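Please model the entire structure based on the sequences and the hints provided.
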Amino acid sequence: MIAEAGLAALWLAAALAAFQMTLMITALRGEVAVARTMRGIAIVQGALSLISFAMLLLVFARTDLSVALVVENSHSAKPFIYKVAGAWGNHEGSMLLWVMILAVAGAFLGLFSRRTSERTLIAALGAQATLALGFYAFLLIASNPFARLSPAPFEGQGLNPLLQDPGLAFHPPTLYFGYVGLSVAFSLAVGALLTNEVDARLARAMRPWVLGAWIFLTLGITAGSYWAYYELGWGGYWFWDPVENASLMPWLAATALLHSINVLAARGALKAWTMMLAVVAFSMSMVGTFLVRSGILTSVHAFAIDPERGTFLLALLAIYVGAAFVLFALRGATLKEGAPFELVSRESGLVVNNLILSVILGVVFVGTLYPLFVEAVSGEKLSVGAPYFNLVAGPLALVLAALVGIGPLLSWRRERRPVLKQLTVPALLGVTALVITVIVAPGIRILPRLGFSVAAYLAAASILPLFGRNPLRTPLATWGMAVAHFGIAVALFGMAANAAFTSERLAVARAGEILDVGPWRVQLQDVTPTAGKNWTALEAELKASRGQGVIILRPQTRYFSDPPTETSEAAIETFWNGQLYTIIGKPDLGGGWQLRLWWKPFVTLIWAGGALIALGGALALAGRLWLLRRRRKADADDWRQVRYA
Amino acid sequence: MKPKNQRLVLVIAAAAAALVAVLLAMWGLKDRASYFYTPADIAAGKAEPGKAVRLGGMVEKGSITRQADGVTIRFVMTDGKAETPVTFRGITPDLFREGSGAVAEGRIENGTFVADTILAKHDERYMPPELGNLAAEHKAGKTLEK
Chain A
12 MIAEAGLAAL
22 WLAAALAAFQ
32 MTLMITALRG
42 EVAVARTMRG
52 IAIVQGALSL
62 ISFAMLLLVF
72 ARTDLSVALV
82 VENSHSAKPF
92 IYKVAGAWGN
102 HEGSMLLWVM
112 ILAVAGAFLG
122 LFSRRTSERT
132 LIAALGAQAT
142 LALGFYAFLL
152 IASNPFARLS
162 PAPFEGQGLN
172 PLLQDPGLAF
182 HPPTLYFGYV
192 GLSVAFSLAV
202 GALLTNEVDA
212 RLARAMRPWV
222 LGAWIFLTLG
232 ITAGSYWAYY
242 ELGWGGYWFW
252 DPVENASLMP
262 WLAATALLHS
272 INVLAARGAL
282 KAWTMMLAVV
292 AFSMSMVGTF
302 LVRSGILTSV
312 HAFAIDPERG
322 TFLLALLAIY
332 VGAAFVLFAL
342 RGATLKEGAP
352 FELVSRESGL
362 VVNNLILSVI
372 LGVVFVGTLY
382 PLFVEAVSGE
392 KLSVGAPYFN
402 LVAGPLALVL
412 AALVGIGPLL
422 SWRRERRPVL
432 KQLTVPALLG
442 VTALVITVIV
452 APGIRILPRL
462 GFSVAAYLAA
472 ASILPLFGRN
482 PLRTPLATWG
492 MAVAHFGIAV
502 ALFGMAANAA
512 FTSERLAVAR
522 AGEILDVGPW
532 RVQLQDVTPT
542 AGKNWTALEA
552 ELKASRGQGV
562 IILRPQTRYF
572 SDPPTETSEA
582 AIETFWNGQL
592 YTIIGKPDLG
602 GGWQLRLWWK
612 PFVTLIWAGG
622 ALIALGGALA
632 LAGRLWLLRR
642 RRKADADDWR
652 QVRYA
Chain B
382 MKPKNQRLVL
392 VIAAAAAALV
402 AVLLAMWGLK
412 DRASYFYTPA
422 DIAAGKAEPG
432 KAVRLGGMVE
442 KGSITRQADG
452 VTIRFVMTDG
462 KAETPVTFRG
472 ITPDLFREGS
482 GAVAEGRIEN
492 GTFVADTILA
502 KHDERYMPPE
512 LGNLAAEHKA
522 GKTLEK
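Residue numbers (the numbering used here), protein chains in the order written: chain A, 12 to 656; chain B, 382 to 527.
No false leads were mixed into what you were given.
Straight-line Cα separation of at most 16 angstroms, EDC-like style, residue types lysine to aspartate or glutamate; simulated pairs:
1. A/K597 with A/E552
2. A/K392 with B/E486
3. B/K462 with B/E441
4. B/K442 with B/E464
5. B/K411 with A/E391
6. A/K392 with B/D422
7. A/K554 with A/D537
8. B/K427 with B/E490
9. A/K597 with A/E577
10. A/K392 with B/D412
11. B/K427 with A/E391
12. A/K544 with A/E577
13. A/K347 with A/D210
14. B/K432 with B/E486
15. A/K554 with A/E584
16. A/K597 with B/E479
17. B/K411 with B/E429
18. A/K597 with B/D450
19. A/K347 with A/E208
20. A/K554 with A/E524
21. A/K597 with A/E550
A few chain A residues that face chain B, going by a derived Cβ cut-off under 7 angstroms, partial list only:
22. S369
23. V377
24. L393
25. V395
26. P398
27. L402
28. G596
29. Q605
In case anyone wonders, no lab produced these hints; they're calculated from the structure. The structure displayed is predicted, hence computed values, not measured ones. From the three backbone atoms N, C-alpha and C, an ideal C-beta is built for every residue, glycine too.
Here's what the structure looks like:
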């Protein structure tokens, strides 16, 4: 019954989405009065999809083995949290989560949006419902999560043990909030292009959604990076895996949008450009979903391989992105540019930011899709990895980070003050850092060396916009910007330190033997068997010391039986200045064990930087929402006038 | 600047950015895309020595030997038609086994494939897409041999 209720809710939601589409068309033909019900329907549609998803959670929580999806992805012996999380750890469930967030975002837009004109809001809600309809169709036709299995088996097949980790419970939903939050920016842009109302008001309505989505994307990418770091046991934080790029590309586009939307909100300029970015950002989310969910890539993440679904998703992608670009081409040229600005101004700074981010997005996009393109054309198989991405994106990212220090100091419209003078102290810090790395570590490569230098400069430059201001009177958004930009410097320092000073040791050790790595002496005490709820393991006991104090690390190799799998559980010890990362490998014939040890100085700063960037976004969002609240009354009056005119 | 000129400048800047991105990507991809080969391709000399490539195949039964240092292994990768010797220094991934599929990243040096990374399937269901056909072909080849 539960599964049927979920399926019924899904069908109803799809029907409502289709109805919203027709309402939108009616409204655009001038009969706005007919479409007054749009808000209410959007809210009901969101509620129905939420019910559908809740039903899926319930069948997973109860391990209902008459549902095919549960059988394929769960097992009665799994810890409860992973039973529930298993609901979205698979293709169908994650697509349902996707469309649920999409519909609920539409409902929230209907509930809270007071800033755009009614016509634009109706068009945007219609666009959002049109997006949802395609994905409802995808679920109902090609990926029904509630399909029954008869006869029901006695036991499920289990969940990939790599996914049985707290990271799984947190990571995909976070990214999806980000992906799908961008859908609202997309729908608002499409709505405004349809009604020819691209203006500062629209930008202010769109901004909280973009900020919110961007915060989730930032958190999702940071968490995903840490998950890969400790769970895969390869000691790296970013592999340029296509699935990682699938989350990076929407983030790059959203970052550009986040900056250009401020120009539109404050100055009414960059209209076409901002609408374009809103379309591109969500298109990148859909490309990401397509790449991950179609199983088209060679990747550790590509679990499902099903060409039919891939084709369906590709068709959806082509229709939505194609239609949005056609609309943009028809309407974009007629948009009037807002207030003019001069070559040296805040606006120009943000344009440069956007151009560099777009170029980075372009090279990541080409590099990620190139293997698919080549295989489709010539049948040859190839992969594009870190050497390419680091080469083309690394220097651009460094240039961008250097410019981040300058942009916020510029004033709107035109800059007459000698801005570069303010940067004397940061520039001196950057040069000092450069000189220190040359003296202390003459052997390191150029990119990490410049990374240290830019990080030192940016750490100082990013807080300059706060100087000379009353901290209590400074808007939260300005604080947020400074914190986020400071976060870039922190992450950059972590990456440079990791690239330049990581020490690694790979060797075979018997019990009692000592290995040195970086400043550490690590002694293998013993290897003993141990067990958990649904796994058994071999666990090494390592005694590590650097001068004073001894710490114990216990890396494991775990064996899961359902499905039969081995995973390596790294033991990681965090210190203020780095992490000691240990892995146990295979036994050798002479009674020794393979051990892999890393000393990674300041590696944690990479994720701390990511968290700071997200925190900066959160501060800005809080500030913006607070301002919106204060202005709401005026807006509500405005709204009533339109409504009852 | 007049609004009209401003728009023109912005359009030109956007077009230039797109062009730069494409040119930069083409230049970067020229010798940094690593091609995927099978042992038969290697035997036919398709892979240039020293250039980063990927090698996919099945790990030959009984071919894994461990070297004296305990962390270097040698094994033979096969696709049923040809064989390539591989050396790898490191901890092999979970489920890297004789008789199952694997992909190695590395380069050809003196007729041996020196792997930097080895990817194996992560669970019973996961198979690198490139190996999907290969496994089927390999099975077919085996039946022919018999």
